[in-house]
Amino acid sequence: MAQGQLDQLRDAKKRQAPQDLVGAIPYLEFVGVTVREEADGVLLCRLPFQDQLVGNPTLPALHGGVIGGLLESVALLQLIWSMESPVLPRTINTSIDYLRSGQAKDTFARGRITKQGRRVANVRAEAWQDDPNKPIAAAHGHFLLG
Amino acid sequence: MASAEPQNTTEPAIALEIIQQFAAEIPFLKALSASVETIERGRCRLSLPWQEHLVGDTSTGIVHGGVITTLLDSASGTAVFSVIPRVMQIATLDLRIDYLRPAMPNADIVAEAECYRLSKNIAFVRGRAFQESDREIASSLATFMLASSTL
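Same order as they appear, the protein sequences are chains X and V.
Mapping of the first sequence onto my numbering: position 37 corresponds to residue 37, and the numbering continues sequentially without gaps.
Mapping of the second sequence onto my numbering: position 30 corresponds to residue 30, and the numbering continues sequentially without gaps.
No wet-lab data here; the hints were simulated from the structure.
Predicted model only: the values in this text are computed from it and were never measured.
Built from N, CA and C at the ideal position, the CB exists for glycine as well.
Any given hint could turn out to be false.
[Unchecked claim] Below, a list of computed lysine-lysine pairs in the DSSO-like style, where the Cα atoms sit at most 30 Å apart:
#1 X/Lys134 <-> X/Lys14
#2 X/Lys115 <-> X/Lys134
#3 X/Lys134 <-> V/Lys120
#4 X/Lys115 <-> V/Lys30
#5 X/Lys13 <-> X/Lys115
#6 X/Lys105 <-> X/Lys134
[Stated by the list, open to error] In silico negatives: residues of chain X with every beta carbon more than 12 Å from chain V:
#7 Gln19
#8 Pro48
#9 Gly69
#10 Arg100
#11 Ile113
#12 Gln129
#13 Asp131
#14 Asn133
#15 Lys134
[Claimed, not checked] Beta-carbon label-pair distances, calculated as ranges:
#16 X/Pro60 <-> V/Leu16: 21 to 31 Å
#17 X/Gln116 <-> V/Glu52: 26 to 36 Å
#18 X/Glu38 <-> V/Pro85: 43 to 53 Å
#19 X/Ala104 <-> V/Met88: 13 to 23 Å
#20 X/Gln116 <-> V/Gln21: 41 to 51 Å
#21 X/Asn122 <-> V/Asp108: 39 to 49 Å
#22 X/Gln116 <-> V/Arg41: 44 to 54 Å
#23 V/Thr60 <-> X/Asp20: 14 to 24 Å
#24 V/Glu52 <-> X/Arg100: 28 to 38 Å
#25 V/Asp94 <-> X/Ala104: 19 to 29 Å
#26 X/Ala17 <-> V/Pro105: 35 to 45 Å
Given only the sequences and the hints, what does the whole structure look like? Please build it.
Right under this line is the structure:
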């Protein structure tokens, strides 16, 4: 029998192998997200550009849903990574500001937990391409823990 | 509630067939195997079959939020295209989604959006995603900026 998703996530955490989190989440594998840990326990997601991720072929620009999904994902992954005993949080809601058009290049994203309560966590996330100081989108979301 | 019909009936609008073709050619919608169900003035409905590779939670088969976000963003944007007077770029300013209940596995997901107010510069859109005709899984609010220049 295949290993349960929660066990996979906990294993990834135990082995300090953030990329294995992605391996446990089919959608993230499908869009091609990669993840690594920066020095201070902060995860950095990277979404390599692919033609199929485009929403507006005339510009071309990444689909807003791809960017929104990346921001939600980095928030979830950061939560999982920060929990002592990880659960898969449930997204209650997300609010995404689109700041610049996502060009046909790799996109990066990082999340910051602004508050982690017993049942709900608030996370902010930003996505950028060339310069972290020029985000293409920013989001905040509420997540139900367990 | 009424959609944002073009105010003046003499105001030109983009032919719905053109918008339909446009929406059907969006690469990421194609990658998700999503399809355009209906487009009316001010409204758009998209749908997507459940697929294993779109799952976020494998213990339950619930699709990832990015999929719902994509459907609602595209349905919302397309609803805006159906009421603007001419082809122009539009940009999503913000998109807020509430996840009302988990999406069941093995059931199509339908997203529909309605542009309920169109001002000179901004379009206001609400949307919802559901399964099996009335099981709401998400609701959304979005605003779009209309470009000042024509294509």
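> Given a hinted range of 43 to 53 Å, is it respected by the beta-carbon distance of X/Glu38 and V/Pro85?
Replying inline: 48 Å, holds
> Is the hinted range of 39 to 49 Å satisfied by the C-beta distance from X/Asn122 to V/Asp108?
Replying inline: 32 Å, violated
> When you look at the beta carbon of X/Gln129, is every beta carbon of chain V farther off than 12 Å?
Replying inline: 16 Å, holds
> Since X/Ile113 was said not to touch the interface, does its Cβ keep a gap of more than 12 Å from each Cβ of chain V?
Replying inline: 17 Å, holds
> Beyond 12 Å from every Cβ of chain V: is that where the Cβ of X/Pro48 lies?
Replying inline: 14 Å, holds
> Straight-line Cα separation of X/Lys115 and X/Lys134 no greater than 30 Å?
Replying inline: 24 Å, holds
> Can the restraint linking X/Lys13 and X/Lys115 be considered satisfied, given a maximum Cα separation of 30 Å?
Replying inline: Holds, at roughly 21 Å.
>> Just to be careful, I want the Cα atoms of X/Lys134 and V/Lys120 compared with a cutoff of 30 Å; is the pair within it?
In response: Distance of about 28 Å is within 30 Å: holds.
>> Just to be careful, I want the Cα atoms of X/Lys115 and V/Lys30 compared with a cutoff of 30 Å; is the pair within it?
In response: 37 Å, violated
> X/Gln116 and V/Glu52, beta-carbon distance inside 26 to 36 Å?
Replying inline: Holds, at about 31 Å.
> Within 30 Å, alpha carbon to alpha carbon, are X/Lys134 and X/Lys14?
Replying inline: With Cα atoms ~34 Å apart, X/Lys134 and X/Lys14 exceed 30 Å; violated.
> When you take the CB atoms of X/Ala17 and V/Pro105, is the distance between them in 35 to 45 Å?
Replying inline: Distance hint for X/Ala17, V/Pro105 is violated at roughly 28 Å.
In terms of the numbered hints stated before, the structure departs from hints 1, 4, 9, 10, 21 and 26, listed from lowest to highest.
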